[in-house]
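Participant: Next come the chains, spelled out residue by residue.
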Amino acid sequence: MSDALPAVHEQFQAPGQQLEADRLGLWVFLASEAMLFGAVFFALTVYHLIHPAAMHAATSRLDLVTGVIGTAVLLTSSTTMALAVKAAREGRRTEALIVLVGTVLLGLAFEAIKVHDWFDEYDQGLYPPMGPPFPLPQPAARLYFHLYFVSTGLHAVHLAVGILLVAGVAASLLSNRMKLPERTVTVEMVGLYWQFVDIVWIFLFPTLYLVSR
Amino acid sequence: MPSRLAFVGVWLVLLALLGISMAVTLLELGPWHAALNMILAAASAVLVVWFDMHLRESSGILKLFATGTIIFLLIMFSFGLADWPTR
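If you read the sequences in order, they're chains Y and D.
Going letter by letter, the first sequence gives residues 1 to 213 in the numbering used here.
Going letter by letter, the second sequence gives residues 1 to 87 in the numbering used here.
Any given hint could be a false lead.
[Stated by the list, open to error] Which bits of chain Y does chain D cover? Going by a derived footprint, with three or more residues having C-beta under 8 angstroms, they are:
| no. | segment |
| --- | --- |
| 1 | 16–29 |
| 2 | 81–88 |
| 3 | 190–199 |
To be clear, the hints were calculated from the coordinates, so they are not data collected in a lab.
Note that CB positions come from ideal geometry on N, CA and C, so glycine has one too.
Make a model of the complete structure from these sequences and hints.
Facilitator: Below you can see the structure in the form of structure tokens.
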């Protein structure tokens with residue numbers, strides 16, 4: 001099939017109809033992901049309400065500075081990803097490539113910050129299953145840190161998948177295997193996923209770091 | 001589609017909202033700071049969905065799906081939270 005025209009599968013009548021189905025499919029996937037993370041947020045909300053003192057003690061152990069820097073890095077990556085989709089739609093290959101590489105680097109920077117945080121927290125004994133003794137007396141603080149590692153870990157895995165996807169798109173553009181604007185849909189789909197993972201962090205940051213501080 | 005400058009503008013607003021969120025936390029406003037932090041997070045998320053996820057220029061059915069996701073999350077939260085204080 002020619003690269004010059006977007007391929008239309010047999011069940012669709014026009015490229016526009018297929019694009020709309022692609023977008024809708026990805027939004028359905030994101031809705032299911034929102035339910036997954038929603039359950040984690042719900043558990044955190046209940047803990048904050050039932051155990052305010054323990055949550056305050058636990059939250060205060062987190063490094064607010066790296067938390068804010070990481071959040072700013074991810075917010076910046078949302079913008080570079082949005083700019084990549086715009087460049088792809090308008091057929092500007094070099095610009096799309098530059099902002100996609102920027103997005104990958106920002107994603108890697110966030111992961112590096114998070115890994116640094118985890119090591120730091122492990123050294124403080126805040127990782128409940130193993131390591132140095134847990135420093136806080138409240139049992140609910142242990143519950144909080146279990147959820148903290150589950151939620152930040154789940155987010156980091158999602159972000160790692162996003163980094164691989166964006167890097168894959170960038171590599172395809174670099175090697176000329178992907179033509180723009182014909183394959184804009186691929187950049188768009190990866191972009192939607194990336195933005196969703198950023199939104200999860202937009203809510204995780206205040207829920208984990210701020211509300212009980 | 002918005003201009004590149006508009007996306008940069010959205011980014012600056014997002015960073016400003018993060019700054020306000022930090023100020024709210026450090027000012028120690030008591031019970032208000034939790035609610036304010038979540039409202040600021042929701043405002044940031046709306047900006048990302050509307051501009052960076054291009055929902056602004058998407059079709060009605062995509063807007064419906066995005067709204068539906070929020071409604072289902074609200075159902076989970078409201079039913080779940082209603083259970084705990086009424087036991």
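Participant: Count residues of the segment 190–199 of chain Y with a Cβ under 8 angstroms from any Cβ of chain D, then say if the count reaches three.
Facilitator: holds (count 6)
Participant: Report holds or violated for chain D covering the segment 81–88 of chain Y, Cβ cut-off 8 angstroms, minimum 3 residues.
Facilitator: n = 5 at 8 angstroms, threshold three: holds.
Participant: Checking C-beta pairs, does the segment 16–29 of chain Y have three or more residues closer than 8 angstroms to chain D?
Facilitator: It holds: at least three residues are needed, and the segment 16–29 of chain Y offers 5 whose Cβ sits within less than 8 angstroms of chain D.
The structure fails none of the hints (numbered hints given earlier).
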